[in-house]
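Please model the complete structure; the sequences and the hints are all you need to start from.
Protein chains: 2
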Amino acid sequence: MEEIDRAIVAALTVDGRLSYTDLAEKVGLSVSAVHQRVRRLEQRGVVKGYAARVSFESLDLPLTAFVAIRPFDPSQPDDAPERLAHLPEIDSCYSVAGEDFYLLLVRVAGPADLERVLQEIRTSANVTTRTTVVLSTPYEHRPPKVAQPADQLRQRGVPAESPGS
Amino acid sequence: MEEIDRAIVAALTVDGRLSYTDLAEKVGLSVSAVHQRVRRLEQRGVVKGYAARVSFESLDLPLTAFVAIRPFDPSQPDDAPERLAHLPEIDSCYSVAGEDFYLLLVRVAGPADLERVLQEIRTSANVTTRTTVVLSTPYEHRPPKVAQPADQLRQRGVPAESPGS
DNA sequence: CGTGAAAATTCTTAATG
DNA sequence: CATTAAGAATTTTCACG
Numbered sequence: 001m002e003e004i005d006r007a008i009v010a011a012l013t014v015d016g017r018l019s020y021t022d023l024a025e026k027v028g029l030s031v032s033a034v035h036q037r038v039r040r041l042e043q044r045g046v047v048k049g050y051a052a053r054v055s056f057e058s059l060d061l062p063l064t065a066f067v068a069i070r071p072f073d074p075s076q077p078d079d080a081p082e083r084l085a086h087l088p089e090i091d092s093c094y095s096v097a098g099e100d101f102y103l104l105l106v107r108v109a110g111p112a113d114l115e116r117v118l119q120e121i122r123t124s125a126n127v128t129t130r131t132t133v134v135l136s137t138p139y140e141h142r143p144p145k146v147a148q149p150a151d152q153l154r155q156r157g158v159p160a161e162s163p164g165s
Numbered sequence: 001m002e003e004i005d006r007a008i009v010a011a012l013t014v015d016g017r018l019s020y021t022d023l024a025e026k027v028g029l030s031v032s033a034v035h036q037r038v039r040r041l042e043q044r045g046v047v048k049g050y051a052a053r054v055s056f057e058s059l060d061l062p063l064t065a066f067v068a069i070r071p072f073d074p075s076q077p078d079d080a081p082e083r084l085a086h087l088p089e090i091d092s093c094y095s096v097a098g099e100d101f102y103l104l105l106v107r108v109a110g111p112a113d114l115e116r117v118l119q120e121i122r123t124s125a126n127v128t129t130r131t132t133v134v135l136s137t138p139y140e141h142r143p144p145k146v147a148q149p150a151d152q153l154r155q156r157g158v159p160a161e162s163p164g165s
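So the sequences go chain by chain: A and B.
Counting in the UniProt record's numbering, the first sequence runs from 1 upward without gaps.
Counting in the UniProt record's numbering, the second sequence runs from 1 upward without gaps.
Careful, some of the hints might be misleading.
Below 25 Å or equal to it, Euclidean Cα-Cα: the simulated BS3-like pairs (lysine-lysine) are [as the list claims (entries may be wrong)]:
#1 B:Lys-48 / A:Lys-48
#2 B:Lys-26 / B:Lys-48
#3 A:Lys-26 / A:Lys-145
#4 B:Lys-48 / A:Lys-26
#5 A:Lys-48 / A:Lys-26
#6 A:Lys-145 / A:Lys-48
#7 B:Lys-26 / B:Lys-145
#8 A:Lys-145 / B:Lys-145
#9 A:Lys-48 / B:Lys-145
#10 B:Lys-26 / A:Lys-48
#11 B:Lys-48 / B:Lys-145
Rather than coming from a laboratory, the hints here were simulated on the basis of the structure.
Written out as C-alpha cells, the structure reads:
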C-alpha cells in the first residue's frame, strides 16, 4: 500500500470521524481525491468499518479477563468459536499456538458474572478453562504505526490556501 | 446509565459513523436531542472516541502475538508499561493477576520482526517474556451487549412518520 | 431535557483535464 | 487518478416549551 493511503488509514485510526475536509488537508489532496481513496480503502477491506470506543466501566462491565480454553476431548471436532459466539460477554476469540487452543477476551460485571460465563463457556464448548484476571489496562487499542506521522505530507506541493467559491 | 443512552452507545459501537438522523430514528428522539445526548456521553467519557477498524494484514502486520512479561528483578520499581510505551508494535498492555505481571498484545510483520520486538521488550523493561502466537482470529472487538437491540425503542410513543418541513 | 427550524459544513456525485 | 464545481444531506446552533 502506498504512502498517502497509509497516512489516511493512520488518521482514521486515530479519529474515525475525521471529515474529508480535514483528511484532505492532512494528506495534501483535494476533498474528492481523499473521498475516492477512502471509498476504495473501504471496499478493498483495508478499512473494515468504524466504531465508537466506549468505557466499559460506564457500561457496567468493569471486569476484564483472559480465558484460555482447551478441549476436554481433543479427538472431537473443534468448533469452539462458533459454539461460543452466542455469549455476548466474549469480546474476542483468538486461535493460538501453544498449550491452549483458544484465548478469549471476556468483559463482565463482576466475579459472580465471570463465574457464570466460565460455566457457560465450559458447557457450551466442552472445554476446560484457565482464567487470567485483568487488574488494570495501562493502554489498549493503540493506533498501529503506519508510515510517518502524516503531517509532513501536507507541505509537499500543495498551497495551504483555500480557493473559496 | 439509562435506557436511551445505552441504545445510543450500542448503535455507535456497531457503526461509529451513524448520522444523527439515523440515530434519532433508532432511539425515537429528535435529531437535536440525540445530538445533545451524544455530546454529553462524549464529555462524560462514556464514549471515549471513534476509530476506524482496519485490516492489519493490509497494513503488513499479519502476525499477532500475546507476550506475557515478568520482571527479571521483582524488587525493582515496576514501570514496565511506560518503559514499553514507545514500541508501536504493542497494541495493548494489560496488568494481570496470576503468574505474569503484564500481558501485551503485539502486531508485527513476521517472525523476524517478532524476534526484534521481543528483544526490545526485554531490554527496555528488564523482563522475561513468554510468547503465544495467534494463528487466526475467529472474531475480535465484538460490540458489548448493552440493553435490548435498540430497535424496540422506536415504537414507543413516536410515530414512524417524518413530519416533513 | 425535548422540540423544531435555520445557518454553516460537509458529503456525494458529476463533468473535466 | 486528481481537480473543480454544484446539489443533497448532515451537523451545529438557537429560541422556545
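Status of the hints after comparison with the structure:
1. B:Lys-48 / A:Lys-48: 20 Å, holds
2. B:Lys-26 / B:Lys-48: Distance ~21 Å between Lys-26 of chain B and Lys-48 of chain B Cα, so the pair holds.
3. A:Lys-26 / A:Lys-145: 17 Å, holds
4. B:Lys-48 / A:Lys-26: 23 Å, holds
5. A:Lys-48 / A:Lys-26: Holds - the C-alpha atoms of Lys-26 of chain A and Lys-48 of chain A are around 21 Å apart, at most 25 Å.
6. A:Lys-145 / A:Lys-48: Satisfied, since the Cα-Cα distance of roughly 17 Å is no more than 25 Å.
7. B:Lys-26 / B:Lys-145: 17 Å, holds
8. A:Lys-145 / B:Lys-145: 30 Å, violated
9. A:Lys-48 / B:Lys-145: Given that 25 Å is the threshold and the Cα spacing comes to 21 Å, the pair holds.
10. B:Lys-26 / A:Lys-48: Roughly 23 Å separates the two Cα atoms, so the pair holds.
11. B:Lys-48 / B:Lys-145: Roughly 17 Å between the alpha carbons, so the hint for Lys-48 of chain B and Lys-145 of chain B holds.
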